[in-house]
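Novice: Here are the chains, one letter per residue:
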Amino acid sequence: QKEVEQDPGPLSVPEGAIVSLNCTYSNSAFQYFMWYRQYSRKGPELLMYTYSSGNKEDGRFTAQVDKSSKYISLFIRDSQPSDSATYLCAMSGGGTSYGKLTFGQGTILTVHP
Amino acid sequence: GAVVSQHPSRVICKSGTSVKIECRSLDFQATTMFWYRQFPKQSLMLMATSNEGSKATYEQGVEKDKFLINHASLTLSTLTVTSAHPEDSSFYICSASGLVTAWDTQYFGPGTRLTVL
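Protein chains in written order, with this note's numbering: chain R, 1 to 113; chain S, 1 to 117.
I should point out that these hints are in silico values taken from the structure, not numbers from a laboratory. Treat the hints with caution; some may be incorrect.
[Stated by the list, open to error] Among the chain R residues that face chain S by a calculated CB cut under 10 Å, a handful are: (1) Gln1; (2) Val4; (3) Gly16; (4) Val19; (5) Gln38; (6) Leu88.
For each residue, glycine too, the CB sits at the ideal point set by N, CA and C.
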């Protein structure tokens, strides 16, 4: 079983839709949770990070963490064609794994006009 | 935001040759750099972690003699793929971190696409 599971999609939505992206994890040591966006043939770009259960909002993006269920989500409101990319969840924990990220498989999102 | 560059962006080489990829943090001091590889439609797999002035720590299954990592300064790390073979063809991405806590943000480079003929 992979430490982080993410539905690879692909996910196709119309412009203006609300997008929900999800990851589950099995390692209880994970304390920090991130979402990255990766355009084709580019390096990942950090969108959101959080460390506590609950919601964190930044513009059209909302990150949600439920540590009891080991489940995280990223919501994108009013989606735009420019949001079309691969979205990767990533997690890290303390101790010897400090700074090391474990990524999900990535979800390919296409927002069509 | 912090900028990380990689050079070259794309390289094609013959089987058996060595290829060096550079990763630079342009506007901050990177105490830690990470090297990842990414196969098509797959996620990033961490290869190794390097701290400035120290030997790199390799992930399980990554051959340290094949993937040589040098982190000689706070702004530069290099990955050398020695005796490259077609199965080494991949997208190699580095990231840089300026602090030592798990909280710290990793800034990613644009990646290097390696094709071994």
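Novice: Hint by hint, say whether it matches the structure.
Specialist: Against the structure, the hints come out as follows:
1. Gln1: Not OK, violated: Gln1 of chain R not within 10 Å of chain S, min 15 Å.
2. Val4: holds, 8 Å
3. Gly16: violated, 27 Å
4. Val19: Check failed: Cβ of Val19 of chain R comes no nearer than 19 Å to chain S, outside 10 Å.
5. Gln38: The hint holds - Gln38 of chain R has a Cβ within 10 Å of chain S, the shortest such distance being about 8 Å.
6. Leu88: holds, 6 Å
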